[in-house]
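Q: Single-letter residue listing:
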Amino acid sequence: MYDVIIIGAGIVGCSTAYWLSQYEMSIAVLETHNDVANGTTKANTGCMHAGYDPQPGSLMAKYNVEGSAMGKQLCEKLAVPYENCGSLVVAHTKEDMKTIEELYQRGKQNGVKELYLLDEKQTRELQPRLSGNVKGSLYAKTGAIVDPWQFAIALAEVAVENGVALKLNNEVKAITKKEGIFTITTNKDKYQCRYIINAAGVYSDVVHEMIGEKEFTIIPVRGQYFLLDKNEGEKVQLMLFQSPSQKGKGVAVCPTVHGNMIVGPDAETVESEDLATTAEALKYIKEQSKLTMDCINYRDNIRNFAGIRARSDRGDFIIEESKSVKNFYNLAGIASPGLTAGCAIGYHVIDWLNTKENFVKKQNYQETRRKIRFKELSFAEKNELIAKNPAYGRIVCRCEHVTEGEILDCFSSPIPPQSIDAVKRRTNAGMGRCQSGFCGERVAMILKEKLNIEFNEILLDKEGSKILMNKAKEGDY
Amino acid sequence: MYDLIVIGAGPAGLSAALTACEKGLKKILVIERDKEMGGILNQCIHNGFGLHLFKEELTGPEFAGRFIEKIKETDVEIMLDTMVMDLDENKNVYILNTRGYQKIAAKAIILAMGCRERTRGAIATPGDRGSGVYTAGAAQRYMNMNGYSVGSKVVILGSGDIGLIMARRMTLEGAKVLACVEINSYSSGLRRNIKQCLEDFDIPLYYSHTITDIKCTNNRVSKVIISRVDEKYNVIEGSEIEIPCDTVLLSIGLIPENELSKAAGIIIDERTKGPVVFENMETSVEGIFCCGNVVQVHDLADNVALEAKKAALAACKYVSEESSFERIIEVKANKPISYTVPQKIHLPIEEKLIDVSFRTNRVLGNCVIKVADSGGNVISRYKREYVIPGELEKIKVPVSLIRNEQNNITIFIEED
Amino acid sequence: MIELICIGCPKGCKLLVDENNNYSVTGHSCQIGVEYGRSKILNPTRVLTTIVRIENAIHNSLPVKSSKPLPKDKLIEAAKALKNVVVKAPVKTNEIIVKNILDTGIDIIATRDM
Chain E
1 MYDVIIIGAG
11 IVGCSTAYWL
21 SQYEMSIAVL
31 ETHNDVANGT
41 TKANTGCMHA
51 GYDPQPGSLM
61 AKYNVEGSAM
71 GKQLCEKLAV
81 PYENCGSLVV
91 AHTKEDMKTI
101 EELYQRGKQN
111 GVKELYLLDE
121 KQTRELQPRL
131 SGNVKGSLYA
141 KTGAIVDPWQ
151 FAIALAEVAV
161 ENGVALKLNN
171 EVKAITKKEG
181 IFTITTNKDK
191 YQCRYIINAA
201 GVYSDVVHEM
211 IGEKEFTIIP
221 VRGQYFLLDK
231 NEGEKVQLML
241 FQSPSQKGKG
251 VAVCPTVHGN
261 MIVGPDAETV
271 ESEDLATTAE
281 ALKYIKEQSK
291 LTMDCINYRD
301 NIRNFAGIRA
311 RSDRGDFIIE
321 ESKSVKNFYN
331 LAGIASPGLT
341 AGCAIGYHVI
351 DWLNTKENFV
361 KKQNYQETRR
371 KIRFKELSFA
381 EKNELIAKNP
391 AYGRIVCRCE
401 HVTEGEILDC
411 FSSPIPPQSI
421 DAVKRRTNAG
431 MGRCQSGFCG
441 ERVAMILKEK
451 LNIEFNEILL
461 DKEGSKILMN
471 KAKEGDY
Chain A
1 MYDLIVIGAG
11 PAGLSAALTA
21 CEKGLKKILV
31 IERDKEMGGI
41 LNQCIHNGFG
51 LHLFKEELTG
61 PEFAGRFIEK
71 IKETDVEIML
81 DTMVMDLDEN
91 KNVYILNTRG
101 YQKIAAKAII
111 LAMGCRERTR
121 GAIATPGDRG
131 SGVYTAGAAQ
141 RYMNMNGYSV
151 GSKVVILGSG
161 DIGLIMARRM
171 TLEGAKVLAC
181 VEINSYSSGL
191 RRNIKQCLED
201 FDIPLYYSHT
211 ITDIKCTNNR
221 VSKVIISRVD
231 EKYNVIEGSE
241 IEIPCDTVLL
251 SIGLIPENEL
261 SKAAGIIIDE
271 RTKGPVVFEN
281 METSVEGIFC
291 CGNVVQVHDL
301 ADNVALEAKK
311 AALAACKYVS
321 EESSFERIIE
331 VKANKPISYT
341 VPQKIHLPIE
351 EKLIDVSFRT
361 NRVLGNCVIK
371 VADSGGNVIS
381 RYKREYVIPG
391 ELEKIKVPVS
401 LIRNEQNNIT
411 IFIEED
Chain L
1 MIELICIGCP
11 KGCKLLVDEN
21 NNYSVTGHSC
31 QIGVEYGRSK
41 ILNPTRVLTT
51 IVRIENAIHN
61 SLPVKSSKPL
71 PKDKLIEAAK
81 ALKNVVVKAP
91 VKTNEIIVKN
101 ILDTGIDIIA
111 TRDM
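Which chain is which? The protein sequence lines are E, A and L, in order.
Per this note's numbering, the first sequence starts with residue 1, numbered consecutively.
Per this note's numbering, the second sequence starts with residue 1, numbered consecutively.
Per this note's numbering, the third sequence starts with residue 1, numbered consecutively.
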């Protein structure tokens, strides 16, 4: 029996777990997949938006601005890659100029600090490589980029260190309530609690309706991306957005904290959690990106992927207690700017819980995380580390210069990786230009040994994604 | 301070180090990131190596073995399990291994890091993202070094040599290879590999086709859609063929490893993706030479070893003598020649012949390769029965003919 | 006339074998082509290259080959016959791993030291 069960371990669920773990209460997090951050959180632009975009007075505006303000310090505490690079909305026409003027005003109303309207010259000083015909831009100095899955993993790791029970591979199938106690049935087990925090992302309406009435609907919106080589990453200094128009929001061209360039997303309503990329959408993104930057070399693309944003039919975040189920708190419809808002949304869940009863802060709790990133260390630090543990002297991922020591580290972390991609999200191994062509096999063999599994149980990512089928000569011929 | 540091202990690095040693260079170090010498040859267990160099047919490991045995008898220092993290134009080499992170330096450097495979991203193949999509070389390593098969029903995209070789390997090890799909109307692999890796096992090769969608079930590949393309690679609608399978192997090209070349400030040729080189395999940074697939993707390991000899001789010369050249001329290429190696020539030089190698971007029948001086006068001709993109074409240009050239020479092809 | 690509070397000569004229070969650049052209039609053979399991070694697999070309139609059968072969390191190049595979008189030998 737990006090609180959080359903979903994306950025919202993980941040909620992190903040609540500082209080005297027992908490479990239920997650369908074999890792945290395996849904929307792992497939987005990685932007910490400044907050000029949401409508004033909306929950999006409130949590975006607050999340943006808290991001830097939080990422520092958690050793999460974060870079305050700033963002531009580039205007190409007179209408665009009007639009960015409106965005500027909206940003002021939302309480965004350090917003500036720039002319062409100032714009090009910040971002030399831009397509022709730039009229001006809206510069948001507080805009930042972050490693989205590291962010969620770090929050979850600290939560686990503070005693939160993380139950991976637990897909919620049914919820019942009797005498104030919820019973949650998953594909694995049954769990009981007094409060439910619904952070189930794309499935948050489904989860809510397992026990409550229909109060909102989640519309899955797929967005596709190009992730380009670091050669291209050098071309982009800050997040570049297109001026929103009737045609849509356009696509963004952004740097990533890993030094790559990311281009996307489009927005396409889909039936279910369909994560396929399509030739049409990729073509559209490529074309649309030329408006921002016409010198992107798509031959240097290293990966395409799609993410699903959980847009609600209310057009805003849904952060409220269910009207039909008492003690059931929905954190739903957290579409963009959800990554930015996520940390602030989780921070305020305690406010609601404390309207129910009085939870007090723990005497001792962890709020920081340490992580060794070998390539960021100084000459002397590197040698000190290798002297202590020679595994740091062996490179496994040669594109991203990730050492065996760092990979072994994550197996002794609070949430050990269960797949090759889980190692990638924790260490960057396999994220580079060869896309694990070289290190995939080495990581696979480490996984096999560390998890003590058979070769045909090694997973690339989610359940079922096995990478090896047979031993040589044991196939059907 | 070393006389020579060779980065990489594959066929290029080992051949270079051996040559330098034979030439009497004293302090030679070879740095290899793997736990053993041999490089990619260790996983190329098929035969077909050594016909030029040793006049007998060897497998990859046997070919590597010849060099490894020889080098073990020399004083060449071999540093295994060691990664070169950085390189600068002053020939400082930053290395990492279990003994620490350190800076070492040499009078001359030979880059021999080889190449890497292009991935799904490079061609932006759409579809689901489960497991079951591998570069052919990655699957080759799982199979030949670990003894594991990545799948049982396989479609190969691209007809590069590694893909063709893997078609045979997967078949011999118990998988069904259902198709090899090539976007061009010709293969980029060697003809004999099409013969003995596909035709021997009745594996269909679809020319002018590509994979247009990859579908997964339960996060593993379950089928691919292949479609016909026109000459401009546009997908022809209605030509789709659905092939249920569990594995896709990509054999869609190789790219020189150029991180260290770039780190040292070496000028890169956008066409080869490797360093711009002189006739002696020197890069734009004096004293840094390169050879093998780090320069251009070769068709045969034999040619890699020969190119490495040339780089090593030049490195030895660099260490012991002042350079004496007066000027530099450029080697230009006209379509359908995609590029040439070398891209530049020092003049004057002692050598009598300059090897120029190149690839074309299409198949040519009976044709004449011509070399013209900067005045447009054809100075030498080379007849060929055919020139195909899968094979590296080579000509030897007599130095006597370009002795007085001041600017450039141009290589072009005329079809009969 | 049967058209063939010679696989004797990477040059890949286009051979013409005349089955009505004592299997005479044209289109070759060297003697290997003549022999290949004739034997290809009369008795196609290939060198088998594959792996066997190895224990206590740097890798799990030892590369091996047939000491001489095997009849082409026996390649898969020969590979299958090696399914349960396990050797222990150290092994030397050219060491015989399996003698007389499928009664062909041809051995399976190691192609590297391990």
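Treat the hints as calculated values from the structure; they're not laboratory data.
Hints should not be assumed to be uniformly reliable.
[To be verified] Restraint ranges, calculated between C-beta atoms of paired labels, are given here:
hint: 1; chain 1: E; residue 1: Tyr-298; chain 2: L; residue 2: Glu-3; range: 40 to 48 Å
hint: 2; chain 1: L; residue 1: Ile-2; chain 2: A; residue 2: Arg-362; range: 25 to 33 Å
hint: 3; chain 1: A; residue 1: Tyr-233; chain 2: L; residue 2: Gln-31; range: 22 to 30 Å
hint: 4; chain 1: E; residue 1: Glu-384; chain 2: A; residue 2: Glu-77; range: 20 to 28 Å
hint: 5; chain 1: E; residue 1: Tyr-298; chain 2: A; residue 2: Arg-362; range: 18 to 26 Å
hint: 6; chain 1: A; residue 1: Asn-218; chain 2: L; residue 2: Glu-55; range: 48 to 56 Å
hint: 7; chain 1: E; residue 1: Tyr-298; chain 2: A; residue 2: Lys-383; range: 36 to 44 Å
hint: 8; chain 1: E; residue 1: Glu-234; chain 2: A; residue 2: Arg-327; range: 55 to 63 Å
hint: 9; chain 1: A; residue 1: Ile-241; chain 2: E; residue 2: Pro-128; range: 40 to 48 Å
hint: 10; chain 1: L; residue 1: Gln-31; chain 2: A; residue 2: Asn-407; range: 43 to 51 Å
hint: 11; chain 1: L; residue 1: Asp-73; chain 2: E; residue 2: Lys-188; range: 50 to 58 Å
hint: 12; chain 1: A; residue 1: Pro-204; chain 2: L; residue 2: Ile-2; range: 20 to 28 Å
hint: 13; chain 1: E; residue 1: Glu-454; chain 2: A; residue 2: Asp-86; range: 37 to 45 Å
[Unchecked claim] Calculated pairs, BS3-like style, for lysine-lysine (alpha carbon to alpha carbon, straight line, at most 25 Å):
hint: 14; chain 1: L; residue 1: Lys-88; chain 2: A; residue 2: Lys-35
hint: 15; chain 1: L; residue 1: Lys-11; chain 2: E; residue 2: Lys-471
hint: 16; chain 1: L; residue 1: Lys-92; chain 2: A; residue 2: Lys-72
hint: 17; chain 1: E; residue 1: Lys-356; chain 2: E; residue 2: Lys-326
hint: 18; chain 1: E; residue 1: Lys-283; chain 2: A; residue 2: Lys-223
hint: 19; chain 1: L; residue 1: Lys-11; chain 2: A; residue 2: Lys-370
hint: 20; chain 1: E; residue 1: Lys-121; chain 2: E; residue 2: Lys-235
hint: 21; chain 1: A; residue 1: Lys-317; chain 2: A; residue 2: Lys-27
hint: 22; chain 1: E; residue 1: Lys-471; chain 2: L; residue 2: Lys-92
hint: 23; chain 1: A; residue 1: Lys-309; chain 2: A; residue 2: Lys-70
hint: 24; chain 1: A; residue 1: Lys-55; chain 2: L; residue 2: Lys-68
hint: 25; chain 1: L; residue 1: Lys-80; chain 2: A; residue 2: Lys-195
hint: 26; chain 1: E; residue 1: Lys-283; chain 2: A; residue 2: Lys-232
hint: 27; chain 1: A; residue 1: Lys-35; chain 2: E; residue 2: Lys-450
From the three backbone atoms N, C-alpha and C, an ideal C-beta is built for every residue, glycine too.
Q: For every hint, state whether the structure bears it out.
A: To see whether the hints hold, each was checked on the structure:
The supplied range of 40 to 48 Å is met by E/Tyr-298 and L/Glu-3, whose beta-carbon atoms lie about 41 Å from each other. About 28 Å separates the C-beta atoms of L/Ile-2 and A/Arg-362, a value consistent with the hinted range of 25 to 33 Å. One distance hint, 22 to 30 Å for the beta-carbon pair A/Tyr-233 and L/Gln-31, is violated here, with the actual separation near 43 Å. Under the hint 20 to 28 Å, the C-beta atoms of E/Glu-384 and A/Glu-77, about 26 Å apart, fit the expected range.
Between E/Tyr-298 and A/Arg-362 the beta carbon distance is about 23 Å. The supplied range of 18 to 26 Å therefore holds. Checked against the hint of 48 to 56 Å, the C-beta distance between A/Asn-218 and L/Glu-55 comes to roughly 34 Å, which is inconsistent with it. In this structure the supplied range 36 to 44 Å holds for E/Tyr-298 paired with A/Lys-383, their Cβ-Cβ distance being about 39 Å. Judged by the Cβ atoms, the range 55 to 63 Å given for E/Glu-234 and A/Arg-327 is violated: they are separated by roughly 34 Å.
A hinted range of 40 to 48 Å for the beta carbons of A/Ile-241 and E/Pro-128 is consistent with their spacing of about 47 Å. Hint check: L/Gln-31 to A/Asn-407, Cβ distance near 46 Å, so the stated range 43 to 51 Å holds. Remark: the range hint 50 to 58 Å for L/Asp-73 to E/Lys-188 is upheld by a beta-carbon distance near 52 Å. A hinted range of 20 to 28 Å holds for the C-beta pair A/Pro-204 and L/Ile-2, which are about 21 Å apart.
A C-beta distance of roughly 39 Å is found between E/Glu-454 and A/Asp-86, which places it inside the suggested range of 37 to 45 Å. Taking the CA atoms of L/Lys-88 and A/Lys-35, the gap is near 20 Å; set against the 25 Å cutoff, the hint holds. Between L/Lys-11 and E/Lys-471 the CA atoms are separated by roughly 35 Å; this puts the pair beyond 25 Å, and the hint is violated. Of the supplied pair hints, the one linking L/Lys-92 and A/Lys-72 holds, its CA atoms being roughly 16 Å apart against a limit of 25 Å.
Between E/Lys-356 and E/Lys-326 the CA atoms are separated by roughly 10 Å; this keeps the pair inside 25 Å, and the hint holds. In summary, the hint linking E/Lys-283 to A/Lys-223 is supported, as the alpha carbons are separated by about 23 Å, within the 25 Å threshold. Distance restraint check for L/Lys-11 and A/Lys-370: the Cα-Cα separation of roughly 21 Å lies within the 25 Å cut-off, and the hinted pair is therefore satisfied. Using a Cα cut-off of 25 Å, the hinted pair E/Lys-121 and E/Lys-235 holds, with the two alpha carbons roughly 18 Å apart.
Between A/Lys-317 and A/Lys-27 the CA atoms are separated by roughly 14 Å; this keeps the pair inside 25 Å, and the hint holds. For the hint linking E/Lys-471 to L/Lys-92, the alpha-carbon distance of about 24 Å falls within 25 Å, and the restraint holds. Straight-line distance between C-alpha atoms of A/Lys-309 and A/Lys-70 comes to about 15 Å, which keeps the hinted pair within the 25 Å bound. The straight-line distance between the Cα atoms of A/Lys-55 and L/Lys-68 is roughly 16 Å, inside the 25 Å bound, and the hint therefore holds.
For the hint linking L/Lys-80 to A/Lys-195, the alpha-carbon distance of about 22 Å falls within 25 Å, and the restraint holds. The straight-line distance between the Cα atoms of E/Lys-283 and A/Lys-232 is roughly 16 Å, inside the 25 Å bound, and the hint therefore holds. Note on A/Lys-35 and E/Lys-450: the hinted pairing holds, with a Cα-Cα distance of about 21 Å set against a maximum of 25 Å.
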